[in-house]
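J.: In case you want the letters, here they are:
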Amino acid sequence: MNEKHSEIQEAEILVIGGGAAGLSAAAEAASAGAGVLVLESDLHLGGQLVKQTHKFFGSKDEYAGTRGFLIAGKLLEELSAYPDKVKTMTNTAAMGYYKNDGVVTAMRGEEEYFKLKPKRIVMATGAQERLIAFPNNDLPGVYGAGAVQTLMNVYGVSPGDRVLMVGAGNIGLIVSYQLIQAGVSVVGILEAMPNIGGYWVHAAKIRRLGVPILLRHTIRAALGSETVQGALVESLATGERFQLDCDIICMAVGLTPTAEMLWQAGCAMKYIPELCGHVPVRNKRQRTTHEDFWIAGDAAGIEEASAAMIEGRVAGLDAAASLGYSVDENRFDVFAERLNSLRRGDTAAKIRSGLEKVVAA
Amino acid sequence: MGTVSVFVDKAFKSGVLNGEQPGAVLPPDKLWESKKNGLVIIECPQRIPCNPCNTSCPAGAVKPFEDINDLPSVDYAKCTGCALCVATCPGLACFVVDLSFSNERALIKLPYEMLPLPDPGDEVECLDRVGEAVGPGRVEAVLEPLKDSTKVLVVSVKKNLILDVRAVRAVN
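Protein chains in written order, with our numbering: chain A, 719 to 1079; chain B, -10 to 161.
Selected chain A positions facing chain B (Cβ under 10 Å, derived; list incomplete):
1. A782
2. L932
3. L1060
In short, the hints are calculated from the structure, not lab data. Since the structure is predicted, the reported quantities are computational estimates derived from the model, not experimental observations. All residues carry an ideal CB built from backbone N, CA and C; glycine is no exception.
Modelling step: build the complete structure from the supplied sequences, incorporating the hints.
T.: The following block contains the structure:
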């Protein structure tokens, strides 16, 4: 045990998760004068942004037209303006929250445990990938889309030669495009729904490169003995089954918010299908029913990174305000309007309906 | 084991444009035929929160958005065919077609983020909206307007292909 960590460390605002939402929360809280500690379980900050080689949508305020991994750099640059206020710890996971005394336990690496006693906590813990069950899904070659993106875009390792993508949401569509860029063939995209779930333009740009999208189709089994050699696919419309030749099956079938610590804290949680899982009840400033906890990003409900960054700013600013730091109240209105704009489109109908059920007036 | 080529779905809801619709319209014929340097074609028929086509347009040709989810709409009289939107659009949904290039051939300026990168003078395979090869094209220029790795290829094709070609594949 490292001596310096044997005592309880204090922090004004603890941000758990150093991705799009967490870094935005930290920047906003620090700009108001609050001291911030960011914990990131990965080896580097940036969360999923570091894997995003495509240009972002949105407006200039959300860095539209900028590639995701460059946005991570911009957020870190913003944080670097507050060296006395912001501390970050990578390779460090928050492990639990103790309601009786407000202590957070954390682990750096695999050996070093320590305790933190923050005054406020912003949960920006993102999401976990969902997987679907089918025979042989433990064969080498069956991946989640996040793993494929990490291999390819973080470590520069090609996952295979012929990929079958399962899921035509934005992640499935974007990762398919990135695979083609990496010289990997995408044999097709299966989508159980009768329409693509992601942006139409993301689908169009891979369709014109010859990737078929099979709507109302799903995977029934991975084929192969040692590794994946193919997939058994079924049409949900006709029940017809056929085999496809592939060596990678990549699942992009959705995400689930990661917010376990909020259960420990006793936050009111609700199951909201439109937000893809259990999420905390919160007010318009992202504050949960536990007055020391805020929520931002995918942990608050699965949405786009652009919205996660704004939610992070709202949470960080409000957490700082709750500590008595003076903040410009107008910023909340500006952020609220930017979130509303992002959520007015066709693809955000689900988000709007989900938020109605979980955001208190 | 099979491949999926026999199952190719060309439905709009699977990402394939089938004719003009709001957010995906062609320029007016008369102006288009005479316009040197070409006019933009945007194929963005779904309301999503995105406006860089408007904010990047130096000529004010992509009309201002009242709501960021608005479908793009173009004042063709102002479009100079500069292709900055082609390079900027995160959805790779902007193209410029210049009918004034020659009697038989038109120029298509399209976004390209693949390898290998063809050189000017190279022949490429022109692909339609489902990736089927519809004929050869010749790379006339390779531009990188924003110096951000998104290339704009200027490809000449036979004029009868301009409504179909929306991507190219390097052939060697």
